[in-house]
Structures are given as structure tokens and as C-alpha cells.
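J.: Given the sequences, and given the hints that come with them, work out the whole structure.
Protein chains: 4
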Amino acid sequence: MREIKPIKVMKDMKVSELVEDMRYVGFGARKIGEANDILKEMIKDKECTIFFGVAGAMIPGGMKEIIIDMLDEGMIDVFVTTGANLTHDLIEALGEKHYQLEESVENVDDIKLKDKKIDRIYNVLLKDEVYQTLEDFFEKIYPNLPRKMNIKEFLWEIGKNIKDKKSILRICYEKKIPIFCPGIADSGIGLMIWGRLVKEENSGEKLNVDVFDDLKEILDISWTCKKAGVIYVGGGLPKNFIQQAMQFSNKEGANYGIQITTDRPESGGSSGAPLTEGISWGKMQGKGKYVNVYCDATIALPLIYGAVKGVKC
Amino acid sequence: MREIKPIKVMKDMKVSELVEDMRYVGFGARKIGEANDILKEMIKDKECTIFFGVAGAMIPGGMKEIIIDMLDEGMIDVFVTTGANLTHDLIEALGEKHYQLEESVENVDDIKLKDKKIDRIYNVLLKDEVYQTLEDFFEKIYPNLPRKMNIKEFLWEIGKNIKDKKSILRICYEKKIPIFCPGIADSGIGLMIWGRLVKEENSGEKLNVDVFDDLKEILDISWTCKKAGVIYVGGGLPKNFIQQAMQFSNKEGANYGIQITTDRPESGGSSGAPLTEGISWGKMQGKGKYVNVYCDATIALPLIYGAVKGVKC
Amino acid sequence: MREIKPIKVMKDMKVSELVEDMRYVGFGARKIGEANDILKEMIKDKECTIFFGVAGAMIPGGMKEIIIDMLDEGMIDVFVTTGANLTHDLIEALGEKHYQLEESVENVDDIKLKDKKIDRIYNVLLKDEVYQTLEDFFEKIYPNLPRKMNIKEFLWEIGKNIKDKKSILRICYEKKIPIFCPGIADSGIGLMIWGRLVKEENSGEKLNVDVFDDLKEILDISWTCKKAGVIYVGGGLPKNFIQQAMQFSNKEGANYGIQITTDRPESGGSSGAPLTEGISWGKMQGKGKYVNVYCDATIALPLIYGAVKGVKC
Amino acid sequence: MREIKPIKVMKDMKVSELVEDMRYVGFGARKIGEANDILKEMIKDKECTIFFGVAGAMIPGGMKEIIIDMLDEGMIDVFVTTGANLTHDLIEALGEKHYQLEESVENVDDIKLKDKKIDRIYNVLLKDEVYQTLEDFFEKIYPNLPRKMNIKEFLWEIGKNIKDKKSILRICYEKKIPIFCPGIADSGIGLMIWGRLVKEENSGEKLNVDVFDDLKEILDISWTCKKAGVIYVGGGLPKNFIQQAMQFSNKEGANYGIQITTDRPESGGSSGAPLTEGISWGKMQGKGKYVNVYCDATIALPLIYGAVKGVKC
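Chains as they are written, first to last, in the numbering used here: chain A, 772 to 1084; chain B, 772 to 1084; chain C, 772 to 1084; chain D, 772 to 1084.
Possibly wrong hints are sitting among the right ones.
Identical copies carry no separate label here, and so any pair may be met within one copy or between two of them.
[Said to hold, decoys possible] Taking lysine-lysine and the BS3-like style, the derived pairs with C-alpha atoms no more than 30 Å apart in a straight line are:
hint: 1; residue 1: LYS1080; residue 2: LYS782
hint: 2; residue 1: LYS888; residue 2: LYS947
hint: 3; residue 1: LYS782; residue 2: LYS817
hint: 4; residue 1: LYS987; residue 2: LYS919
hint: 5; residue 1: LYS811; residue 2: LYS919
hint: 6; residue 1: LYS868; residue 2: LYS776
hint: 7; residue 1: LYS1022; residue 2: LYS934
hint: 8; residue 1: LYS998; residue 2: LYS811
hint: 9; residue 1: LYS931; residue 2: LYS868
hint: 10; residue 1: LYS779; residue 2: LYS868
hint: 11; residue 1: LYS887; residue 2: LYS1058
hint: 12; residue 1: LYS919; residue 2: LYS931
hint: 13; residue 1: LYS1080; residue 2: LYS919
hint: 14; residue 1: LYS946; residue 2: LYS883
hint: 15; residue 1: LYS815; residue 2: LYS946
hint: 16; residue 1: LYS911; residue 2: LYS868
hint: 17; residue 1: LYS776; residue 2: LYS811
hint: 18; residue 1: LYS776; residue 2: LYS931
Because the hints were derived from the structure by calculation, they are not lab data.
T.: This is how it looks when you write it as C-alpha cells:
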């Protein structure tokens, strides 16, 4: 048995040193340390294809640079996220901002915010006027969109029309990283398309985006890759979509897994289910390396990724 | 200020009596009582259109009869759920079962379950062979499906082909209840379609289900209804999809709201966000009646619904 | 394997019927059903001594009648709670009240409450003036208290001085139920004693309440009882105090266990630890019957107890 | 409004740099950043007396060095903790160890651990034989303990008998830091005293440790200090004991507050209550600076403390 070795904090300590020390303690810190080990191993393993699922309001929460960095460094082979995250990515790419709530989140007055036309996401705010900016963008690009696409193609098309380099949509398009978002209709982007579909109801050239078509691509990847590694920030649809690609492959599930969530397992939802539960389904290999980090992702992700940043893998 | 009046449990007490008493205490019990009040008020309000969003593994968890009952009684005007719930509904409709885990869930051995070809959802099990039953069903119905549909039409088509009366898919079809599932690709049903799409790749008759098209219908309803009531079991895509229909209506959000979740607000995801946060967005009216019930839905839903069952509204 | 049988809610359904049905489903509802079974079995087992630990603000939350009922019916052999619960019990016994917060708890203004001299416990309130009522009570009884006691004797002395029948302190005194509260100094009652100790600093007759002395009694009971059943509402000191009495007995831990908590296991605290963890320590028997109910106790306790109320055991 | 500025992780980034960046994002990370600011301000404020409450199994979890460092640097004026933490501190001071669980905590077998005489605390283990080491220690020191003490004096006496410099009990004794543990009976140390009390039942020299006596000291400090800062790791008795000292002072509560917990507010317990709730009670000043960090303390504490380590305050 390996002894617990208490963390000793040092002046000018590096993030990588702190995370290294976390490996030798207990509870959540140990899991941060393990997640870091598994991430390094995933990256070093040249046979491993990495699937990254991101749910939760990670762009408003300030994780955009880290996600872009991971995509930009070639660490991620398949990216799955929610429509909301892509909408917020687009909002920032179009020059709009997110802001910090000033007052205490426990005593906030949402009616006052409503009066000021400000929308709240826990302790983050955005101006309601961003929807006009989205409108203007889609007004411009919509006529030139191909009329028949699957969701991945649709998202790459949006990315193609974004100029800001600091955008998830743009970098996925540029680097040809497969990006999946099965629930895209459930987002501000979806609403913008609705606004246009209504108008062209009787036109012969209705936009048609197929909901099932790009399943072929993610399942092709999960079948043909030699090994799979999964990273889940939050649960929801991004996690589940990757999980089912793991289940329906020929390799008894992922070889590596990292899950960061604050959801609980007891209510039976997929978001809170530990990766171990996936072993029974063949989503995760029984002998795979995995860790369930129960932590706010805005805290855990910078630590886990921060400790591999710049490390030769 | 209204005094706390401790709950006095009586022999042969009815569920409706217990829930009534819960109104006069504190913490979570009070919220069960309030949710019951709000549900009654929603039902009685003839001008109110009720949107019901259900996430989490509610069919495996044993909530199917209650959901069907709510749909069957005409209580629900719009139903939104996850692909997983519909897959499990279909699995049961085709004669397959879910089972209880026998051993302690805290000391379960997932590798052993894997060897027995049994899949685990917390303390609920199902046999891996159910996927063959799904295959057989889709093998049979697929050729006769219309080639061009939106998601709601697709789900009604499945419902039309189900014989078992105890099915959500069937009852929504029969009663023409609009059923939305934007993330349908992320489910066993999605996988069945993938299996068929792969084979007909080069055929001219490819199934095409549009991801955005039925947004028009839910937004039409949210625009034209006089008042709106929302009920969320879990968060995820079903909640968010209804929330955005509320935001993009002309009435400053829902008049009534009940949310049952175990997710937390602090990590910023939509699933854990209290309904109050929606006020800032115009998803919930500032003067609306709403309650956030933080509780396992398999406990809260039978209480809240049980106390209105049979009540003349 | 036992099939999941969905709960069917009926008009005029009894609490006991609903809880019975919960046994056949999954997730949290199943655990309510199991807890009810285990409670019935504990009560019927004539060899079983029942230890009841109650943490959390259960008196403000409206659980007083249920706890008193359980004590009054002879169901509980040993009672352990926090100083806070006993203080709130005493406050109500002296005629003061707890109240419901009127506004939404998510948008409350604590500074305004402070100005009104009202103290908040989530969605429950009490007037700050109750402390004066406590002062008056202790002013009166203090001079006649024995000068040397252990904590249990001290609590029985307070109970002896309470007239209101609806008091935990009084009923424990009357029925001679051993009541333990190792952290009594950490409460309003503790503060009242501090106020008096300060004044009598130099008197020869200082009150002296020993912190360790009544450990002998609870350990005597855990050693001499044939079987043990434990019921934990919340965790904290009440749970841990009973757990250590189980560990240091001669019977490898409790035979029956029910735990109701919303705390999480991952951060390593005793409050969120599942009962299964106690098996390793000898606090719970490996073959014991136990269940971890993750639920707000104001919801779970009325259900679990409600379903045994009046049942011949 | 201040813009969200996404965290940019850099190679060789320091912990203090990461925590600084966290200030400009949302959700939990922002709170880590704010906690760090508040901690710095507390330390710099020469008029501020700092109260540190530590619950949860922080010694097994590997936080011992950090806590000792904070005590050693003179940062902490009053220390309050659980009996369990002090017992584990003593266990390590006597040369025993804590260990890491090797297998997945989600699929652990507690019966097997029991057979190996190993006790489990989530993913941390200790050998059951440590209790013999405790016995031997108390066997030796017990006869020479003063017969009449309050709890603080009792803990200092234990500290005096510890040789290992890496011990919380020893450093509090050495540096004369007031250490409070109202629930000391609820711990392995309590059990050791029980073992001895039983034997000396009829001796005239029974050890007598008063439960209320040291309340005078903590309340003296809270009355006489100019300003107060509170730091809570976990809730439980340590938090509540400090909170009541704040409430019963003459300054309307603490000026600064940091709380790290994973407990939830909705079930009404003190452990999960946000610091804001304390404003209504006068435990926290309405204009005070405070932050509620919802995070595993083994992750949050090294970050928050790590970022001030070595900083000239």
C-alpha cells in the first residue's frame, strides 16, 4: 500500500508540481493527480484516439482558451459539445462579452437584472442584445449555406464564416476536427435557424440538416481507432454521445477515461454516473485506466490540463 | 409570517394528506408541498399550456406509469424528453424488462456484470440482449417509414408501430401530443437508424430526419398559448429546449414552474440552475409561481403527482 | 433478478401503499422502500436496540412531532443529536416559534432580515428575541441545577424543567431515554451556560459538566445489547458518536442501518460516507441490512416513518 | 461590469499565477480567486483575528502539512476542529500511517478490507492496529495528566506529550494557539479516555474535563478582537462553534469569511449554509467580504493557501 504523503505547499510552486503532489494524498486531490497521469498517458499513447465531450456553460465560465489550446495542440481527435457552448463561443467570436456578476450570487435580484436586459448564468452575465448580433451574423451567412448538410458539416460552415481565431467553431473547421453536437436545435444557434426557416417555409430551397447522418462518422472513428481515450467535462449529451460510440465499437470500450462532474450518481442519470458503471455496458474497459473527478470543471480542468501543458508527450 | 407546523404522521394517512402537511414545514418538504399547489393551479388554469420536460433514466427508474398517466389524463400539452428515455420506453414496449440490482450499489462489481452481459444504471439493470430486440423492431418498420420527416414526426411514426398501450411513444402518437427530442441521435434509437443508414448509403431513398424543423412547432405553441406552465424532471436538453421556447415567446416567460433536480447551481450548468435564474432571461416571469425541488425525482414525482391524482381541477 | 414494476399512483393512495410500491422501482425511491422494510424489521426484532442519531436543523424544518412520536412509541432506545436541535426544541417548548420565509430563497436579502432582527435557516426563520426567552429560562433554572453532572444528566435536568409535552428534551427525561449530545457546548444552550459561568467565575460552586463521562453509558449499551440497529438523519457528530459505539462493541457492528443524508461521499467526511464504508471498520456488519438514502430528510423521514406508523410490529 | 477573461494556461505556470487568473472567470474558479484575495486581505489586516475551523477527514486526506504550515506561520489565531482530525493527527504523530486505496473506490469490497483489518475513509485506508498504538500512548501519559481541565487544556496536555514536530496538537501547544474541540468525546481520543475512566470508576482521582469551560476563552477573543476573519474547511461543529462566537460578540459578525464545502444549502444544515445566511444572524457583517467555495477541500485549500504562501502580507 502506498502511503499518504501530505501536500507541502512551497513558495513559487508550479501548477505541475502541485498536481504531482496531489497524486499522493486522498479524496478529490488524489483524483486530480490521477487524471493528470491518465491524460499524459493518453497523449503519449500514439495508438490512442481522444474523444473530448464538453457540457456545461464552459465558455461563459472562462474555459475557452483552454479548450481552444487543447484543440490547437492536436490533442483532441473528436470534439462533442452542447449547442449552448457553441452559441456562447460564437457570441464571443462576434465581439460580444461575458461579464462577472458583482453582487453576492446568494442574494442576487433576478427581476432587477431582467429590467436591465441582462441574462444570468450563476455568477456570469451577458447582455440580452447579443441575440441581435447573432441575428445579424446569420442574416448574412444564411443565404450562402449549402441547403443539405449533416450537423458536423453545418458547424464547420459556421466556423468557416468566423474570422476571430479564438473560436472553437473556427478552429474545428480550420483543423478539420470532427465536431458533433446532436442537440444543436436546443441552442441560440438553433433559434437563429428557426427564425430563417419560418420565413422560407414555402420556398423550394429550405435548409435541411440531418440529425442522424453524422452518427456514421463518429462510429466509424470509434470502430477504426486502435485505442480510445475519453475526457468528459460535465455529462449530458456530449458524454452520452461518446459513450454510445464506445459501446458500439469492437473494442469493449475506452482504454482511458477522465470525467469531471459535480452531478451525483444516485439519481440514475448518465451525467453523474461514474465511468466504472460504463464497464458493465462495454463503454469502458474493465482493465482501462479511468478516474471520476467530482469537482467544478472551472477548477479541475485548468489544474489537469495545466500540469501537462508544455510537457513533451 | 406563517408558523412552521410540524408534520404529524397518522395511521393510514393518505399521500395527499402528507403532501398537504408538507406545505407548513421547511426545507425540501415544504417545496414538495408548494410544487403540489403549483401543479394544481396549473391544471385548473384553463388558459395554461403545460410543457413537461423529462431527463434522467426515468423509465428504468420506474416512473413510466406516472408519466403515461399524466399524458393520458390530458394534463400535458407538450412533452420533451431524452433519446435514452424513449429508447427504454421502446425496450419495455417490446416486452423487455428492467431489473433491480441485488447487491449493494456501493460495492458492486461491474466487471462481473459485464461478463454476464448485463448493463447497469445505478441500481437498475437490463440485459444487453435488448439491443437485438430493438434491431428486430427497426428491421421490420424501417422500410415503411416516410423518407423525409422532422423529429416529432419520426417519433410519432415509431409510436404508431408500437402495440403495447403502456408506452410513452404510443400514447403521444395516439393522443397527438407534440413530443420533442432534439437529441434523438444520442440514443439506442439513433444507433438503430445509424445501422440502417450505413446500409442504404448509396440508395436514393435515404431516410432524412431534419434537426431544426420541429422548432417551429414548439415555438408556435409558446407564442400562441395564453399562459405557460413548465415542469422539469431533471435538467439537460429537455429543460433547456422548453426554456428557450419560453424565452423566445411574447410573454416574458412561464407563469408557473416546477423543477425537480439533484444537480447543483454552482457549476453553472442549465440542469442545476434554479428557475429564478430564468427570470433574468425572460424564461420565467418575475411574478410567476415556481419552486425548485432538490430531490431524487423517483421520490418527488410520485408525491407531487400522487397528491393531485383524482383531484377535480 | 426482480423486475422493476413502475409505481402506479392511485386516487386516495395511502402513504404506506406508495412506500410499498417504491420497493419495486429504482434509484432513490427504491431506497425509501428498503429503508421502510429495514425499519419494520428492526422494530419487530425484539433483540434489537435502536440508536437514533439526528443532525441538521430538524426542529426548524418541522420534524419535531415525528421525532417525538418515535421516542414516545418506545421505538428508540438511544437518542443522539446536536446542541442546535436541542436548542430549537427548547425554544419551541418555551412558546417561541419558527416561521416560513415568504420570498424565494434564491433571491433572499439577508441584510434586510438582519435589520428586522430575524435569523434565517434556509427557508425557515426565527426571531432574534428567542435568545432572551432562553436567557430567562436559564436564569430561573440555573441556580437549582446540580453542580456536577455528565452531559446526559445535564440534558435530563433541562427536560425536567420543561412543561410543554411536545419537547424532545422533556420526553427523553420522562421516559428515561438516554440522550447524548457530545457537542452541547456548540449551541444556544451552551451559550446560556457560558453567560452564567462567567458570572460565577470566582464562586466555589461552579457548574461542572464532564465531556467524557457519559461515553461509559453509550458504550455499555452497545456492548450489552444483543443486536443493534442504527438510524441516521444527517451525519455530523450524532452519526459518528453512534458509529464509534458500534465499532467498540463486541459484535462487529450494527445489524441494521438506515442513513438519510444529502452529503456526498467523495470529500471523505463521515457525514456523506455510505454505511458500507462502516463495514471495513466493524461499525456495520458485512451481512447486515442497510440502506443509504440520499434525500432531504424532511421528505424521506415522513415517508419512511409514515409507512410504519400504526403497523403492528 | 468586469469582463470574463478566459484562463490561459502557460508552461511552467505558478500556482499563484493560475489562482490570480481564476479571479477573472466564472463559477467555482472565480471563487478560488476571490478566496485567495480575501485570505491575503485578512492576513494583511493587522487588526484582524483569524479563526480557522476544520471539519472532514483532512489529516487522512493529506492536508496536515498545509494546516501545520498555516499554524506555524502565525496566520491562525484560533483553531477549531473535530475529534477525528485530532485523533488522526495523533496517529501519525505516533508513527502510524494512512494509505491510498488501490482499487477503484466505486467497486471496492469492504468485507475484504474488514478481513484484512483495514479501515476505509473513501479512498484512504488505515490499519486497525493503530488503536493499539493509541492505547499505549494514553496508557503512558494518562497517570500524569492533571485531573481537572477544560478541553483546550486537555488538548494542550496531549500536545505537550507528542515529540513529532509535524503535529497539529503539538504545534498548538508549543505556540500556545487556542485549540477548541467541543466534540472531543466523539473520537478515538474520547474512546481512549473512556477506557481509562472505566477502570478508575471508584478511584477518587477521576479525570474531569469540563465541556463548557473553554467557551469563555473563545468568546473573550471574539469580544475583544477588533476585527474577525473566519475560514471554514467543511462545516460541522468547527464552523458552528466559530459562528456562534461571531454571533455573540459586539461587532455584528465577521469582517472576512471563506468557506470551503461540498455540502448543500437546501437541506437546512449549518454545514451547507452559505456565509450570506449568517448575515441575518449577525455572524457575518452585511458589508463583510466573504466567499462560498463549493469544492473538495483537498483541491481548494492547496490552491487558496498555495497562492499566498511566501507572499509578503
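J.: Just pull the numbers of the violated hints for me, sorted ascending.
T.: Those not satisfied are hints 2, 5, 7, 13 and 14.
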